[in-house]
Amino acid sequence: MTDRQTDTPGRSRTGIVFFGRIMANVSHEFNNVITVISELAGLLKDLSLMAQQGREIQPKKVLSISENIAKQVARGKHLTSHMNRFSHSADEDCTGVDMQGVVENMLVLTDRLFKNRKSSIDFVLPEEACNLHTDPFELRRILFACLDCFLDASSPEVSVTLKRLDEKGTLELCITGPQGEVSKDFSAQIEELKRQTADLKGQLIFEQKDQQLRFRLTLPSNRE
Amino acid sequence: MSVAKVLLVDDEQEFTETLSERLELRGLEVFTASSGSEALELAKKHRFDAVVLDLQMPGMDGIETLRLLLAADEDQQVIVLTGHGSISKSVEAMKVGAKEFFEKPIDIDTLSEKIGKAATKRLTLLQERSAHAIEDLLKKKGW
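Quick note, the sequences are listed as chains W and L, same order. As numbered in our numbering, the first sequence has no gaps in its residue numbers, which increase by one up to the final residue, 224. As numbered in our numbering, the second sequence has no gaps in its residue numbers, which increase by one up to the final residue, 143.
There may be inaccurate statements among the hints.
Over 10 Å on every C-beta distance to chain L, these chain W residues come out as not near it, computed from the model [unchecked claim]:
#, residue
1, D46
2, L125
3, K194
4, Q196
5, P220
DSBU-like mimics (lysine-lysine), calculated; alpha carbons at most 30 Å apart, straight line [as the list claims (entries may be wrong)]:
#, chain 1, residue 1, chain 2, residue 2
6, W, K115, L, K89
7, W, K115, L, K95
8, W, K60, W, K118
9, W, K118, L, K99
10, L, K99, W, K45
11, W, K45, L, K140
12, L, K121, W, K118
13, W, K118, L, K45
14, L, K99, W, K60
15, L, K114, L, K141
16, W, K45, L, K114
17, L, K99, L, K139
18, W, K118, L, K140
19, L, K44, W, K115
20, L, K5, W, K61
21, L, K114, W, K61
22, W, K77, L, K121
23, W, K118, L, K44
24, L, K114, L, K139
25, W, K184, L, K121
Not the full set, but computed from the structure, chain W residues with beta-carbon under 10 Å of chain L [stated by the list, open to error]:
#, residue
26, N31
27, L47
28, M50
29, S66
30, K71
31, V73
32, K77
33, H78
34, C94
35, D98
36, Q100
37, K118
38, S119
39, R195
Simulated from the structure, these hints should not be mistaken for lab results. The beta carbon of each residue, even a glycine, is placed where N, CA and C say it ideally should be.
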């Protein structure tokens, strides 16, 4: 395990900003879960008070509230387990990671962020395992940064495809979508992403053709 | 006095369904919208005594919805009820014209009380406007 204190201040800051964005989003989701449970508990209290005053309460109604609470608890548990997985991704600088798991992890944690932008992301993941030996936190950060940057320049409907490129296990993640309004600092953002991808010994290629945008992110099976 | 009519605007359907049930048990007439654009459509068709509005919603966000609701009806009483209200967001919402700003979850008695006050305030504003309109008419006609 490599000590992360060797990071440059700039890189650490970028990592903290990313971590903060994800945590802010997940805590918002958690608050929604808590709020719904709070309202359901309140409704049970209302019904109990009405029952004390002699009003008949349907068992079906109580059962439905109980089922809804259980549903919210499951939603909260799902979020916690993904948040935990995400937090531990910063433990090691380089380790074996399952790419499908990383993509799923980021999808769960960023769902609201992208929905708030009215984005719809269609993911195509291969059935075969796609394992990498790389920095799991940086991998997540670059994945998120690529999607974030891409959505800034494309229309909201994008598709993401992951596939194995060769026998050596090189992976390619393709983000494609119709071109939208491109901001003036888009090129600078891409150059920065290319530099960051190179830190993972990967490559980012940007293509623009017939009003279509494409990011091709290739990652070696072993960063070292 | 007629029943106060409230619009709940939030993309968390489970939340709006449960909260509306609780408010209805307290005698209010409740409508729900899961987006800003749906809220604006409903506000065109109904006169709400109060609107309870979330800030973070897919598509049109709460601040923009608030702006458009007030542009359509400057007397609209809007209570912002959001997940994590940063100070800057609450200041922005109040500047745009929200009457109250709360973080979720909120105590139902507090919310009911605020809705009641908002409904009274709206009624007073409408009555004042009617009185001014009648005064203007009397002056114009020279009666």
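Going through the numbered hints above, which ones does this structure break? Give me the numbers in ascending order. 1, 8, 11, 12, 14, 15, 17, 18, 22, 24, 25, 29, 31, 32, 33, 34, 35, 36 and 39
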